[in-house]
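If you're matching positions, the sequence shown starts at 3 in our numbering and goes up one per residue.
By construction, these hints were calculated from the structure, which means they are not laboratory data. Even glycine gets a Cβ: it sits at the ideal position worked out from N, Cα and C. Some hints here could point you the wrong way.
What the hints assert, rightly or not - Mimicking SDA-like on lysine to any residue, the simulated pairs with C-alpha atoms at most 20 Å apart in a straight line are: (1) K212 <-> A130; (2) K212 <-> E193; (3) K212 <-> G171; (4) K212 <-> P136; (5) K212 <-> T85; (6) K212 <-> L202; (7) K212 <-> E180; (8) K212 <-> G200; (9) K212 <-> L181; (10) K212 <-> R179; (11) K212 <-> H263; (12) K212 <-> V186; (13) K212 <-> A175; (14) K212 <-> G126; (15) K212 <-> A184.
What the hints assert, rightly or not - Derived Cβ-Cβ restraints for the label pairs, each shown as a range: (16) H201 <-> A155: 16 to 26 Å; (17) Y35 <-> G216: 40 to 50 Å; (18) V119 <-> V197: 21 to 31 Å; (19) G59 <-> R240: 56 to 66 Å; (20) S267 <-> H38: 42 to 52 Å; (21) D252 <-> A184: 15 to 25 Å; (22) G216 <-> G126: 30 to 40 Å; (23) H33 <-> A155: 30 to 40 Å; (24) H38 <-> R258: 34 to 44 Å; (25) A172 <-> H33: 17 to 27 Å; (26) A254 <-> G216: 20 to 30 Å; (27) H38 <-> K212: 39 to 49 Å; (28) A28 <-> G261: 27 to 37 Å; (29) A254 <-> E32: 31 to 41 Å.
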Amino acid sequence: MAAIRPPSTVSAWQPAVPGIAEVFHARFTEHAYPAHVHDTWALMILDGGRVDFALDGERHGLGVSQAVVLLPPGVSHDGRTVTEAGFRKRVLYLDTSVLPERLTGAAVDAPLLADPVLRERVHGLHLALAERDPFEAQSRLAFVRERLHRRLAGRAAEGPEPGPGPGSGARVAVRLRELLDARVAEGITLEEASVELGHLHTTHLIRSFKAAYGLPPHAYLTARRVALARRLLLAGVRPAEAAVAAGFYDQAHLTRHFGRHVGISPARFARSGRS
Numbered sequence: 003m004a005a006i007r008p009p010s011t012v013s014a015w016q017p018a019v020p021g022i023a024e025v026f027h028a029r030f031t032e033h034a035y036p037a038h039v040h041d042t043w044a045l046m047i048l049d050g051g052r053v054d055f056a057l058d059g060e061r062h063g064l065g066v067s068q069a070v071v072l073l074p075p076g077v078s079h080d081g082r083t084v085t086e087a088g089f090r091k092r093v094l095y096l097d098t099s100v101l102p103e104r105l106t107g108a109a110v111d112a113p114l115l116a117d118p119v120l121r122e123r124v125h126g127l128h129l130a131l132a133e134r135d136p137f138e139a140q141s142r143l144a145f146v147r148e149r150l151h152r153r154l155a156g157r158a159a160e161g162p163e164p165g166p167g168p169g170s171g172a173r174v175a176v177r178l179r180e181l182l183d184a185r186v187a188e189g190i191t192l193e194e195a196s197v198e199l200g201h202l203h204t205t206h207l208i209r210s211f212k213a214a215y216g217l218p219p220h221a222y223l224t225a226r227r228v229a230l231a232r233r234l235l236l237a238g239v240r241p242a243e244a245a246v247a248a249g250f251y252d253q254a255h256l257t258r259h260f261g262r263h264v265g266i267s268p269a270r271f272a273r274s275g276r277s
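When you get a sec, could you build the whole thing from the sequences and use the hints?
In structure tokens form, the structure reads like this:
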């Protein structure tokens with residue numbers, strides 16, 4: 003009797019993160035992709051099984067944890083499972099603001115990137131996207147982008163390292179903190195912060211902030227939002243309304259972070275203030 007294969011499942015959404023056109027999670031047991039092209043970059047990691055694909059006529063195989071797959075826009079590729087169990091994958095479709103098309107040739111030559119650091123960064127980005135935390139996702143995307151550039155084109159592709167002067171170190175951290183403090187509820191993108199601070203590289207902003215304050219900007223902003231939500235809850239604002247007013251995506255988003263920071267749910271915290 004043949005083994006029953008698990009059903010194929012797909013989850014896809016468009017996050018509110020500049021540069022990411024789509025997030026795609028899937029388990030396929032029998033599906034095979036015909037040759038096709040994308041108008042975006044496809045950045046894939048496998049969570050189970052094996053997959054075989056051809057890119058520009060050259061066949062490649064991939065198993066779990068072996069590598070990160072990067073497929074460039076406009077280049078024909080296919081894909082198929084090679085085991086009865088199929089495969090599970092997570093894909094980010096990135097537009098050319100993240101990776102320029104001039105890196106296409108390097109990606110065609112080496113679409114499999116055996117890089118544990120890159121894989122861990124991509125995994126962390128998926129976790130931030132699943133939690134619908136756009137600011138954290140922007141931060142993590144910046145480091146994914148940096149790693150991809152260095153793999154594909156060397157450090158020169160990123161431009162010169164930020165040098166000393168008014169845009170470096172502690173002064174950058176202080177100015178970024180002031181921006182975050184001024185926009186706790188509405189938030190700010192890393193690109194907006196970069197422009198405000200003199201078009202500094204986003205990874206330089208993040209590293210400077212963490213060096214000064216011991217945590218990355220997205221974690222600092224989340225803590226400030228939790229603190230704002232606490233004040234609103236104790237003032238009698240309902241959890242769902244407090245979540246949005248404090249800058250969270252929804253009540254579930256607030257509840258996840260509130261529990262981590264405070265140890266109880268927002269609803270229980272609000273009731274404690276009335277007891």
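| field | Verdict for G216, G126 (Cβ pair) under range 30 to 40 Å | value | violated (18 Å)
| query | Cβ-Cβ distance between S267 and H38: within 42 to 52 Å? | reply | holds (45 Å)
| Given the hinted pair K212 and T85, is their alpha-carbon gap at most 20 Å? | Answer violated: K212 to T85 is near 44 Å, above 20 Å.
| field | Hinted pair K212 and A130, Cα distance within 20 Å | value | Answer holds: K212 to A130 is near 18 Å, not above 20 Å.
| Between H201 and A155, does the C-beta distance stay in 16 to 26 Å? | Given a distance of about 21 Å, which is inside 16 to 26 Å, the answer is holds.
| field | Hinted pair K212 and L202, Cα distance within 20 Å | value | holds (16 Å)
| Hey, K212 versus E193, does the alpha-carbon distance stay inside 20 Å? | With a Cα-Cα distance of about 18 Å, the restraint between K212 and E193 holds, given a limit of 20 Å.
| task | Note whether the CB distance of A254 and E32 lies within 31 to 41 Å or breaks it. | result | At 34 Å between Cβs, range holds.
| said: Does L181 sit within 20 Å of K212, going by the straight-line distance between their CA atoms? | reply: This hinted pair holds, its Cα atoms lying about 15 Å apart.
| query | In this structure, is the beta-carbon distance linking G59 and R240 contained in 56 to 66 Å? | reply | holds (59 Å)
| request: Using the beta carbons of A172 and H33, state whether their distance is inside 17 to 27 Å or not. | output: violated (52 Å)
| said: So if I understand the rule, the pair passes when the alpha-carbon distance is 20 Å or less; does K212 with G171 pass? | reply: holds (10 Å)
Checked against the numbered hints listed earlier, the structure breaks hints 5, 22, 25; every other hint is satisfied.
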